[in-house]
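Construct the complete structure from the given sequences, taking the supplied hints into account.
Protein chains in written order, with the working numbering: chain H, 1 to 540; chain Y, 541 to 791; chain Z, 792 to 1505.
Since the hints were made in silico from the structure, they are not lab data.
A couple of the hints might just be wrong.
Covered by chain Z, per the in silico footprint, the following chain H stretches (three or more residues, Cβ under 8 Å) [said to hold, decoys possible]:
(1) 134 to 147
(2) 171 to 183
(3) 431 to 442
Computed from a predicted model, the values in this text were never measured in an experiment.
Every residue, glycine too, gets a C-beta built ideally from N, C-alpha and C.
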Amino acid sequence: MTACSSPADGNEQIGQSDLTAALGERFRNEVSPIQAERGYVLTLSLIQTSSLPSLCRFLFWDLGCQFGGMIAEELSDHWCLHYTFLLPGSGWIDVLLSLPIGTTTVPSIVAEVNAVDWHEREVEDLFGIHFEGHPRLGDFILHDQIWREGIEPMRKSFPVSCELKRKLDLEWQPLLIVGDPGSFAMPVGPVYDGGLGESVHFLLETVGEDVIRAVPRLFYNYRAVEKLAEGRSVADVLLLAERFAATSAFAHSLAFCQAVEKIHTVEAPPRAAILRVLICELERLRHHAGAIAAICESTAFGVSTAHASIIEEELLRASCVLIGHRYLFGLNIPGGLSRDFESGEYQRLLLSVDKAEKDLSTLESRLRYSSSFLDRLEDVGVIGIDSARYLNLVGPIGRASAQHCDLRKACPYSGYEGYAFDVPCEKEGDGYARLRVLFAEATQSVRLIHQAIDALQPGAVRVPCGGSPGGAALGWAEAPRGAALHWLSLDEKGLVDRYHAITPSFSNWHGFHEAAEDFAFQDFPIILATFGLSATECDR
Amino acid sequence: MSFWFWHGLRSGIRTTHYPRRAEAALGVSPGCPVNTEFSSDGEAQTAAAICPVDAIVAHGKSAFVDQGKCVHCQRCRLSIPSPMNWDTGYEWSRLPAGQAESMTLPSAFSRSMHVMVVDAGDCGACLHEVKQLNNPLYNIHRLGFFFTATPRTADLLLVVGPVSENMRGPLLKTWEAMPATRRVMAVGSCAISGGVFGHSFICAGGVGSVLPVDFEVPGNPPPPLAILHGLLVATGRKSVVDTERVSERRS
Amino acid sequence: MASVTGASLILFFLTCAVGILLSAVCGRKRAPLVIAVVGTLSSLLMVLASATVLLTGRNYEAQLWTLDGLGRLTLRLDALSSIFLLAAGIVYFSISLFVRSFVKDQMEDAYPTGRYGVLNFALMASVVLILVASDAPLFLIAWECMSILCFLLLNYEMRQQSDKMAGYIMLAMGEAGFLAVAVAFLILGRMATDFSFSALRAAAAGLSPQALWSVFLLGFFGFGVKAGLVPVNFWLPRSYTAAAPVFIPVFAGVTLNLGFYGILRLNADLVHTSYGTGVLALIVGSITALVGILYATTDNDMKTMLAHSSIENAGIIVAGLGAFLIYRASGQPVAAAIALSASLYHMVNHSIYKTLLFQGTAYVEAETGTRDMDQLGGLSRLLPGLSIVFLVGCLAISAAPPFNGFVSEWMTLQALLRSAVLSSTSVRIVFALCGAALALTAALAVTCFVKVYAMSFLGLPRGAWKPKPHPRVGARFPLAFLALVCLLLGTLPTYVLPVLNQSVEPLSGASVTTSLVPPFFTANAQNGQLPAAFLQDFHNLGAQTGKGLLPGRGLVVLLRGHEQNPVVFAMSPAYAFVALAILLLAGWFVVRRFTRRRAVVRRPLWAGGIPRLLPQMAYTATGFSNPVRVVFQAIFQPNITEDTRQTVAVHFRTAIHRQREETHVVDRLFLQPVGAATRWIAGFLAGMHHGRLNAYVTYVLAFLLLILFLYRAT
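Structural data, given as structure tokens:
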């Protein structure tokens, strides 16, 4: 296990002023840098639409930024497209493209920054903005089989509770691209694995024996969380932010609460910040135990599955004992936490966590010497380092392919800069590398929990949050599956005007097809399990 | 070389004794708010007002909870000065509103029921709790319950999630593919009432608007034991709970 | 009875002549009727002629005129010829009716049936002439006629250039085989008084082992061309694929058998070959079978697949023949008789089910416009009747009881298992290996025909085919007739084996009837035909069921051994069939009884919740057979000729295409090296011809000197 040193640790930290200077040299006439706040270090407002691709290329490839995501916003008289980049060690850069509301086409940057692919497809599907140069728009969130053309549900003019005429198009044909003689597509899902798998549909294109390509078709669980949020109070939207992807609820609610706190320029009290770190790492530990159980199950390895899932259930119970909810709902609120704990409570948690760590390390040492288990994971679902970079993979999957970006280090929040921990990285990019990263991160989480409990000082856990006249901000957290970005815009009444969540599953499902090419059919569940992605987190 | 067989044996039996005995372990259930009698009308109304999903209705001094709407946000539990009573049990299964008689499966199914699960837009929590039933700690096989891979052999359709538009078709397909003598169980408040997602252009707002529901397991998410209770109710091995009972608020 | 045989033969040749005349005169409109009527008549005469010989056991012989220098031409119909004549007669009966209904239902009016009729009757006559020729010149003339007629029939539709090419390859290979056979007869005839078969048979006894070996090799591979043996069979899949739908059943059901006839006549009847020749035949047969079925399993063109399957069956037949030669040479007449009767049985069976399958394929192609199994599917709903008879054909060819393929393959494998009686360990090892190869072949044949039936007739239709107007009643009769024959040959082997015995006994010297068909119907405790205890045991098992009701010796095929091992092998497809039928009926009744009050509810197909299962989501034939392709990669050695992954905008895949190309293993290991060598020699010879006079004078002089030297030396 190697811990990659992220640029943030080294000397090559690019200062904000250096960055402005570098950009000023190259894009003097095209952008006007604005000193931004509320989550961003820099906002680059584009003067000319045409320079968007070259600027994004410069940021992503030349400066080595991570791509965060794209946020579309419909304001009264213009569109705002925020292309969010992360310069590790410095912070978030917002490339802002403002267009008059009548604009229907925008240049696509998918050739420059491949990771924008699904973001552009999403905006095209939901807002009706066409991205010129994108080769595969349409049939994304709103499945063409069910939805008529021309429905743009995220437009302000679209009412959230309307009845739409439905018509199932039975003549619809999937896009199949394998042209080998005798090839066919094996459909899997959306209801598969006895329904215990989340609703995803795959078409495995094959000529028998080996699968040439597997393409996921997602958004069966699309519940339009962002549309539901509009016009509602922060307290209501918090419920949505917690509940759209419950297996990483705390990280998402934390990112959301941080966005609210940035808008109102308050900060959670130190005790709350420490407790948030503690609960975040507890969630990560529990999630990773579950992901390990799923990997063991995918290889039909019964005893290890049983052991890992017992660890997971015990952590769920420990969470419930501490917080009152197995999935950590209802704890985060803007301004801190909804309740405080007594020292006896988290000491009891510590016992559970230590036991989980011991059990996990025992399990790991046993699995490491089970050759039949390793044979099924090694060289399965490989994603090369270069592919992982251009697909901009995040979280443990990215880190298994040497993409070390971890928001806790790259752009610390909630006081993570004060903790000592490593970001485990691997280079092989196969299923086993992903499993090793999960085990190593679980160990680091326990380390962080210990540090957090040691650092706890008495004090308040919440400060009042609210009252300011609205605005927009970006909140972020490193969710168990990777970087989660929540972008929130409040109107002057304090109601949500636009809410957008960029989830790690969304980023990583986009890269899934790269791992699912030319594999044996029986490896498919294993590839799926080692990715450990959540459809519902992606779909929102 | 790992002696997995030996390691497995050495772990011993960890499975819960439920339904023979109540499970005593801590944290198996988050509990839920229960109908509470306050000392004044005002307290009851405060409790009702604090609920973000209108699950609490004040009636005189009493505050009644509709478990099918409750999303376990715990705001009523933590509210000061009028917290709701909190039950820490897990036997929550109930019949859909307006249905008097339990559509229990015939006795032939009581020791062997095959369950088909459909994720119809679930947030992952309910589905995850359903999966936990396969965990050795719960191990529903011992009770004769099995998750089946195909609706062709399924007796019970267990639906989680509020039924998103894209999943409406697959859900109906699954239902149609099931043989007769089939029951539908809505698990989680989203599947019962739409939960926080409610009813919208893309959400059916609960399974009931798509399929005839026979059993409901409230909770957000209902813990594994609550779902297990639901399965036992469906086979007639347990009975549904009384939702009308009111407990007095202890100070 | 001999007069009946003679009369039917003469009548047969006359009807053929009438058929030729009428087809030529009537033109394309009436020709199908002529083919049906005259063809049925002549095929019945073939059956009659052979039946008289087989039932009475008396051969028919007639002297024709004498040719100067070659001796007297003789016609002779003996038991060996009769079996082949019988098979040809049954096949021709079905084909003649099939041609009419197929042309009438499926072909446009302009179809050149008249020309087909002329060639067809000429071919029919030449086939019978080959079988009844009793001297080398007549045999060779008839053989040559048959080769040329086959070539003309293959090309009579004159459709594509590739078809013509296939015809030329077939003609060239046929002529090469003919030359080899002619040389074999010449070697044999060197010591004989004339070229009649009886004289040749007498002369063969005096030949040296080397000469016998050369006769065997020339005859085996010369006739092997027609029989489709490795490595001289590369013409076969090509020309079968090219052949017209009305002709191909003749190809597979009749002319293929002539190859076996030639091998048997020359190498088993005229010449008593040594041990080693049998081993060679056994090995070649097993390899042929395995190679044939491997390519059949992986090919998706129904016709080509059936052609490869013909090669496979030819391999099984020749393997049985090889076993026969070995047992005969090592003095095991009973084992030899079992092997030969298995081989002949399989030959008859193959003619019948292969004709059936080719006729079915013709209908499939006519109805859907394709033979590619990747494009077919769901035909059982489009062609329900055809689907049933085709299923019978598939079951029979994949050796599933109660159909005929099972009996003959079982007997062939049993015959190979009898190798324990041989003394040589190395030959026993060869037997074991060949037996394993044939067992693998049988298993692959099941895969192959499950694929054919499941991918073409079951599943979702992959095309928008509309059923054509309902065909006339009886249009499928020729196929149904063959299906019935498959069932009869499969359930009543105890009646078939005595008939086969007529041909087998003269060659092997032992009777299969006495060794394989115990007289359970006639034996009792008193008459001592069977040992009393043995009879009692089998009586308890039910082997005498039907005694008194049915004629014949019994319904059990059984080889009796010695004291320690009283039964070497035994089976009764007849009883098995009856038991199967009773069980099925009883099952049906029970199900009916208990589910009478239950309604059957049809629910939509479960496909994971997607709105509709599309045809492109169904298993294809390629996908089904891909495991075989992967496992036997060493034999197929596919070349990836094209591997493209097109993308747009850096990584969006727009197309993945991989084209594989396979060179047939025979082409790769035999045809290509031979072709290269021929080209090299031709190039060398061409180099000698540079047009200078003195060089040619030098060649002549050198050659003269060489001849003089050789003459001196001898």
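Here is how each hint holds up against the structure:
no. : hint       : result
1   : 134 to 147 : holds (count 4)
2   : 171 to 183 : holds (count 11)
3   : 431 to 442 : violated (count 0)
Consistency with the previously given hints fails for number 3 only.
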